[in-house]
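Visitor: Turn these sequences into a full structure, and let the hints guide you.
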Amino acid sequence: MTDMYTMVKRAKADPEVLNELVQLFEPKVNKLMKRTNPNDMADLSQELKIMLIQSAYQYDLNSVPGFWEFKDKYKREES
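Each residue of the sequence shown is one higher than the one before, starting from 1 at the first, in UniProt numbering.
It is worth saying that the hints were derived from the structure and are not from the lab. Worth double-checking, as some hints may not be accurate.
[Said to hold, decoys possible] With beta-carbon atoms standing in for the labels, derived distance ranges: (1) E77 to I53: 25 to 35 Å; (2) K28 to Y5: 11 to 21 Å; (3) N37 to L61: 35 to 45 Å; (4) D3 to I53: 14 to 24 Å; (5) V64 to N19: 14 to 24 Å; (6) I50 to M4: 17 to 27 Å.
Quick caveat, the model's predicted, so the values are computed rather than measured. Heads up, the beta-carbon is just placed ideally off N, CA and C, and yes, glycines get one too.
Guide: In structure tokens, the structure reads:
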């Protein structure tokens with residue numbers, strides 16, 4: 001299994017990897033569906049998957065913070 005960064009990077013160019021990414025989040029989507037009206041489950045599940053795909057395509061891989069930037073941001077939010 002590869003890390004999420006590599007998977008998102010590959011998913012932008014490879015539909016098979018994008019499908020793997022969606023399948024990776026399938027358990028979380030299914031868990032969220034248990035809290036939903038049964039009549040809305042299929043539509044909401046599809047919408048969540050669409051949002052996941054859009055997020056993967058729109059994610060700027062060049063803006064991923066390094067450890068020290070992440071640490072500083074966490075400290076600011078904690079205060």
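Visitor: Could you work out which earlier hints the structure fails to respect and list their numbers in ascending sequence?
Guide: Hints that this structure does not satisfy do not exist here, as all of them hold.
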